[in-house]
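Trainee: Residue -15 is where the sequence shown starts when you use this note's numbering, and the numbers rise one by one after that.
In case anyone wonders, no lab produced these hints; they're calculated from the structure.
A hint or two may mislead.
[What the hints assert, rightly or not] Derived lysine-lysine pairs resembling DSS-like cross-links, with alpha carbons at most 25 Å apart: (1) Lys82 - Lys93; (2) Lys49 - Lys36; (3) Lys27 - Lys93; (4) Lys(-8) - Lys68; (5) Lys62 - Lys82; (6) Lys68 - Lys82; (7) Lys(-9) - Lys82; (8) Lys49 - Lys27; (9) Lys62 - Lys27; (10) Lys27 - Lys60; (11) Lys93 - Lys26; (12) Lys(-9) - Lys60; (13) Lys49 - Lys26; (14) Lys(-9) - Lys68; (15) Lys36 - Lys(-8); (16) Lys94 - Lys26; (17) Lys94 - Lys60; (18) Lys49 - Lys62.
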Amino acid sequence: MGYCGGKKLNPTYRNILDSTESVLVEYDPDQISFSDILAHWKKSAYGYPGIKRQYRAAVFYTDPKQERFTNDVVEKMKQSNGGKEVYIDVEPVNPFYKAEEYHQDYLAKKQGNGASGGMCAI
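With the sequences and hints as input, model every part of the structure.
Mentor: Following this line, the structure appears as structure tokens:
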């Protein structure tokens, strides 16, 4: 758990600035593909208009192939939603800042489950 997607340096939970709460996904493409990761993510992806930047749904891509694939997935989500907008941002990855320890696995610690907003894929 951490913060990504902002321009201001060193965000924290109490001072998140312009970043989004995110999960950093580091993976070996010989073991799992970006498309498999995104397919799993989209099962719990959500996006709502006017939601704070901190909690928005976003995917941060690392290369043009990931960008194209992610945009295609978002477009298919829109089509399956009757053509209505889905509020998921697709942006190039920028620095990821690890969240404070008390914020790691927060939902699991409090409720026994987990969810994510943004995903930074590395």
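Trainee: Now, for every hint given, state plainly whether the structure supports it.
Mentor: Right, here's what the structure says about each hint:
| no. | hint | verdict |
| --- | --- | --- |
| 1 | Lys82 - Lys93 | 17 Å, holds |
| 2 | Lys49 - Lys36 | 28 Å, violated |
| 3 | Lys27 - Lys93 | 22 Å, holds |
| 4 | Lys(-8) - Lys68 | 32 Å, violated |
| 5 | Lys62 - Lys82 | 31 Å, violated |
| 6 | Lys68 - Lys82 | 34 Å, violated |
| 7 | Lys(-9) - Lys82 | 15 Å, holds |
| 8 | Lys49 - Lys27 | 21 Å, holds |
| 9 | Lys62 - Lys27 | 14 Å, holds |
| 10 | Lys27 - Lys60 | 13 Å, holds |
| 11 | Lys93 - Lys26 | 23 Å, holds |
| 12 | Lys(-9) - Lys60 | 29 Å, violated |
| 13 | Lys49 - Lys26 | 18 Å, holds |
| 14 | Lys(-9) - Lys68 | 29 Å, violated |
| 15 | Lys36 - Lys(-8) | 16 Å, holds |
| 16 | Lys94 - Lys26 | 23 Å, holds |
| 17 | Lys94 - Lys60 | 34 Å, violated |
| 18 | Lys49 - Lys62 | 20 Å, holds |
Of the numbered hints listed earlier, those contradicted by the structure are 2, 4, 5, 6, 12, 14, 17.
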